[in-house]
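A.B. asks: Here is how the chains run, residue by residue.
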Amino acid sequence: MRIASPEDLDAVRKIGLFKIQPDRPRIAVGLATCGIAAGGNELYDRLGSIIREGGYDIELTKSGCIGFCRQEPIVSVTIPHKPLVLLHHVTSDTAEDVIKGVLQEDIPKNLALCRVKEWDHITGMIQYGEGFETIPDYHEIPFFSNQHKIILRDAGFINPEDITEYIAAGGYSTAFSVLTGRDPDSVIDEVKRSGLRGRGGAGFPTGLKWEITKKAPGSEKFIVCNADEGDPGAYMNRNEMESDPHMLIEGMLIGAYAMGISEGLIYIRAEYPLAIERLRHAIREAKSYGLLGKEIFGTDFSFDIKIAIGAGAFVCGESTALVASIEGKIGRPHPRPPRLTDSGVWGRPTDLNNVETWCNVPVIMAKGAEWYSGTGVRGNSGTKVFSLVGKVDNPGMIEVPLGTSLHRIIYDIGGGGAGGKRVKAVQTGGPSGGCIPERFFNTGVDFESLLTMGSMMGSGGLVVMDEDTDMVDIARYFINFAASESCGKCLPCREGLKHTLLILNRILAGKAGVEDITLLETLADTIQATSLCGLGQTATNPVQTTLKYFREEYDALIVQDLPDGGR
Amino acid sequence: MDEKRLDEIISRYDYPSGRILGILRDIQVSEGYIEKDLLRLLAEKIEVPVSRLYGLVTFYSFFSLQPVGRHIITLCMGTPCHVKGARTILATLEDLLGIKGEEESGKYFATTADNQFTVVIARCFGACSMSPVIQIDGNLYGYVTPEKIPEILAGYGWHP
Ligand SMILES: Cc1cc2nc3c(=O)[nH]c(=O)nc-3n(C[C@H](O)[C@H](O)[C@H](O)COP(=O)(O)O)c2cc1C
Ligand code: FES
Chain A
14 MRIASPEDLD
24 AVRKIGLFKI
34 QPDRPRIAVG
44 LATCGIAAGG
54 NELYDRLGSI
64 IREGGYDIEL
74 TKSGCIGFCR
84 QEPIVSVTIP
94 HKPLVLLHHV
104 TSDTAEDVIK
114 GVLQEDIPKN
124 LALCRVKEWD
134 HITGMIQYGE
144 GFETIPDYHE
154 IPFFSNQHKI
164 ILRDAGFINP
174 EDITEYIAAG
184 GYSTAFSVLT
194 GRDPDSVIDE
204 VKRSGLRGRG
214 GAGFPTGLKW
224 EITKKAPGSE
234 KFIVCNADEG
244 DPGAYMNRNE
254 MESDPHMLIE
264 GMLIGAYAMG
274 ISEGLIYIRA
284 EYPLAIERLR
294 HAIREAKSYG
304 LLGKEIFGTD
314 FSFDIKIAIG
324 AGAFVCGEST
334 ALVASIEGKI
344 GRPHPRPPRL
354 TDSGVWGRPT
364 DLNNVETWCN
374 VPVIMAKGAE
384 WYSGTGVRGN
394 SGTKVFSLVG
404 KVDNPGMIEV
414 PLGTSLHRII
424 YDIGGGGAGG
434 KRVKAVQTGG
444 PSGGCIPERF
454 FNTGVDFESL
464 LTMGSMMGSG
474 GLVVMDEDTD
484 MVDIARYFIN
494 FAASESCGKC
504 LPCREGLKHT
514 LLILNRILAG
524 KAGVEDITLL
534 ETLADTIQAT
544 SLCGLGQTAT
554 NPVQTTLKYF
564 REEYDALIVQ
574 DLPDGGR
Chain B
13 MDEKRLDEII
23 SRYDYPSGRI
33 LGILRDIQVS
43 EGYIEKDLLR
53 LLAEKIEVPV
63 SRLYGLVTFY
73 SFFSLQPVGR
83 HIITLCMGTP
93 CHVKGARTIL
103 ATLEDLLGIK
113 GEEESGKYFA
123 TTADNQFTVV
133 IARCFGACSM
143 SPVIQIDGNL
153 YGYVTPEKIP
163 EILAGYGWHP
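Those protein sequence lines, which keep their order, are chains A and B.
Just so you know, this note's numbering puts 199 at position 186 of the first sequence, and the rest follows in order with no gaps.
Just so you know, this note's numbering puts 22 at position 10 of the second sequence, and the rest follows in order with no gaps.
Calculated directly from the structure, the hints in this document are not laboratory data.
Do not take every clue at face value.
[Said to hold, decoys possible] The list that follows gives simulated cross-link-like pairs (lysine-lysine, DSSO-like), each with its CA atoms no further than 27 Å apart:
#1 Lys119/B x Lys342/A
#2 Lys307/A x Lys319/A
#3 Lys380/A x Lys300/A
#4 Lys48/B x Lys119/B
#5 Lys27/A x Lys130/A
#6 Lys319/A x Lys57/B
#7 Lys319/A x Lys75/A
#8 Lys160/B x Lys434/A
#9 Lys511/A x Lys561/A
#10 Lys27/A x Lys307/A
#11 Lys113/A x Lys75/A
#12 Lys16/B x Lys57/B
#13 Lys511/A x Lys119/B
#14 Lys380/A x Lys205/A
#15 Lys227/A x Lys205/A
#16 Lys561/A x Lys434/A
#17 Lys48/B x Lys16/B
#18 Lys48/B x Lys342/A
#19 Lys119/B x Lys502/A
#20 Lys16/B x Lys319/A
#21 Lys112/B x Lys511/A
#22 Lys57/B x Lys342/A
#23 Lys319/A x Lys342/A
#24 Lys342/A x Lys16/B
#25 Lys112/B x Lys160/B
Between the sequences and the hints, there should be enough to build the whole structure, so can you do that?
C.D. replies: This is the structure we're talking about:
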């Protein structure tokens, strides 16, 4: 079926709604990569065979990830006219209890995490119902109540492999009204006014980049989605694509229309097989409904998306290296200009945006720039998704308004250090970021504040370190990472990082003197100032921040009177 | 991999963007490594100098030119996995499997004498909330501890 009118869209919405709220019980297993690793597939199969053997009238399906990784496998249960109930730590052994509970409308207490009476998909509202008073409400769970879900509004609630459920939650209706009723320039204007900044790390204003791309000479241009997510410890983009792939597609569709571009690419890392599979499936679905391809929604606008797969090189997340990689070349950055907006994929003007940046677009167009910029802080509007990992009690995928303090994220949502240990620092921005000590946890996470701390927003990985973490070892870890990911093109990055690593090794081996610290500092400053691309320019942040905030840990390793000056 | 299968993989990519890396990835995923003769054959078929393909497979860490054992164990060495003890996991694997490798420039490669297991490292599967993480033949295992490893390996035919 091709959707070409509001009536068509409504008809599909009804089909999807009936899947989300059937006239019989529905059980959905959270099956993103993390849920699967926690045993989700076995659980799904077990539930399926119990239902089949018993001949029960229960709908079994899958959902994306709601982000509370500590509680996985997570299952959601909906019984008509009752609240949706999230169950946690469900295993094949407790599958029988789940089915029994559903049939008797009596959810086992030990498995129930919380209930959801209604869910605001922002682009649509789903009313589940009343009841199950003894189960805590969603809003009573600190992990959830301290979050503000805009981008993750569908994750864990809809089946990511079924486009009708996305449409039921209000999906594609924004693209429809934009493509059939808005002037492309006014879309760019709306995105500009929303204050949306790139979520890939640098925070460049998205609307402005769109405008520059649109004004670039030439008719054949590209839009590209950066799904390389090479920052170890960051998995927001994976989850966004696995749990709600159509949000990304809708965002790209609206952007393509605004810029008048008909070719889209998603550059995704090879380490994400499930996300690749779900995206491919979603693109096929969108095509069959006439939402990608020729004459979308019956208009004369055409747009298609292809997938290009990366191959495990961190530097390929950098824009010019990414383009080289798409073209089947070695991913080595080149100096800019020329910028991608002038000469990108196959030499054509290209707009590159991160997965999450694209995911912000539908809601901006649905609710308007004023509504959108009502969340966040000045100059940093909207929310940001973070992966809260490392030595934190509740690791998971979370979303908060930009400007939310680290304290709130790590203590109120994360529950503090794992196993009651004292939190020492948090590492933000991945290999390009820095370590922020606990005493500065009142810092708000926004682009500027993190820079002031010597760190970076990066793509959104927050790695918590506790009292047992050795900060010098962490600095060495990152330098080792950056040194092995350096593409080798420019000298400061290639040789400088190698020597930084040697010095850190010497310090950790207890064979370094005070002058090694001075050398480390000078070297770090030089690499930062003279490297060709962002990789080298930011690679020493972990060293500089640990030197600044955890100097005592370095000092403790320094040998005061080395006979030969340490060499 | 026979020629027919290679042709089939090539035919999946009729679009220039992402074509070469896509083909190489599918070969890597299917075989666990990329055989040099196959690389030569591929170069002929897609009319790209073999030197360029060689450059790609050595630059990108996803590819391997070395033959691998029957099961591939990929240990995550991402930041969260690192702070949660990935190195101890590697040491345990080396100990149990009787192998020894060197981590160099982000790569690690060691195969057991009986050719049953190859251990390599990767940077982040995006399952960091359950770190430390290992992957065996595509299946992810989270919250790994040295104590759990024998049981996991036993599922792939390992015994002490
Ligand atoms: C070494 C390096 C790695 C990067 N990795 C990523 C990445 O994995 N994902 C991403 O979206 N941006 C990454 N970036 C930033 C991109 O170059 C680019 O700024 C971004 O994709 C633009 O999208 P945005 O404006 O939506 O943020 C990286 C930059 C550098 C220098
Ligand atoms: S760091 Fe190991 S899975 Fe992400």
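A.B. asks: All hints are to be evaluated individually against the structure, with a verdict given for each.
C.D. replies: So, going through the hints one by one against the coordinates:
1. Between Lys119/B and Lys342/A, the direct Cα distance comes to roughly 21 Å. Compliance with the 27 Å bound is thereby established for this hinted pair.
2. For the hint pairing Lys307/A with Lys319/A, the CA-to-CA distance comes to about 14 Å; that is within 27 Å, so the pair holds.
3. For the suggested pair Lys380/A and Lys300/A, the alpha carbons sit about 26 Å apart, so the restraint of at most 27 Å is met.
4. Of the supplied pair hints, the one linking Lys48/B and Lys119/B holds, its CA atoms being roughly 19 Å apart against a limit of 27 Å.
5. This hinted pair checks out: Lys27/A and Lys130/A have alpha carbons roughly 20 Å apart, not beyond 27 Å.
6. Of the supplied pair hints, the one linking Lys319/A and Lys57/B holds, its CA atoms being roughly 23 Å apart against a limit of 27 Å.
7. Distance restraint check for Lys319/A and Lys75/A: the Cα-Cα separation of roughly 25 Å lies within the 27 Å cut-off, and the hinted pair is therefore satisfied.
8. Restraint check for Lys160/B and Lys434/A: the C-alpha separation of about 23 Å stays at or below 27 Å, so the hint holds.
9. Restraint check for Lys511/A and Lys561/A: the C-alpha separation of about 21 Å stays at or below 27 Å, so the hint holds.
10. Between Lys27/A and Lys307/A, the direct Cα distance comes to roughly 25 Å. Compliance with the 27 Å bound is thereby established for this hinted pair.
11. For the hint linking Lys113/A to Lys75/A, the alpha-carbon distance of about 19 Å falls within 27 Å, and the restraint holds.
12. Of the pairs offered as hints, the one joining Lys16/B and Lys57/B holds, with about 12 Å between alpha carbons and a cut-off of 27 Å not exceeded.
13. Taken as a hint, the Lys511/A and Lys119/B pair is honoured in the structure, with Cα atoms around 15 Å apart against an allowance of 27 Å.
14. Annotation: proposed proximity of Lys380/A to Lys205/A holds, straight-line Cα distance about 14 Å (limit 27 Å).
15. Distance check on the hinted pair: Lys227/A and Lys205/A sit about 14 Å apart at the alpha-carbon level, within 27 Å; holds.
16. Under the criterion of a C-alpha separation no larger than 27 Å, the hint pairing Lys561/A with Lys434/A is consistent with the structure, at around 23 Å.
17. As the CA atoms of Lys48/B and Lys16/B are separated by approximately 17 Å, the hinted pair is consistent with the 27 Å bound.
18. Between Lys48/B and Lys342/A the CA atoms are separated by roughly 19 Å; this keeps the pair inside 27 Å, and the hint holds.
19. A threshold of 27 Å between alpha carbons decides the hint, and for Lys119/B with Lys502/A the separation of about 19 Å falls inside it, so the pair holds.
20. In summary, the hint linking Lys16/B to Lys319/A is supported, as the alpha carbons are separated by about 25 Å, within the 27 Å threshold.
21. Taking the CA atoms of Lys112/B and Lys511/A, the gap is near 24 Å; set against the 27 Å cutoff, the hint holds.
22. A distance of roughly 18 Å separates the Cα atoms of Lys57/B and Lys342/A; the hinted pair therefore holds under the 27 Å criterion.
23. Only pairs whose Cα atoms come within 27 Å are accepted, and Lys319/A paired with Lys342/A is accepted, the gap being roughly 18 Å.
24. For a cut-off of 27 Å, the pair hint linking Lys342/A to Lys16/B stands: about 26 Å separates their Cα positions.
25. At roughly 20 Å between alpha-carbon atoms, Lys112/B and Lys160/B fall within 27 Å of each other, so this suggested pair holds.
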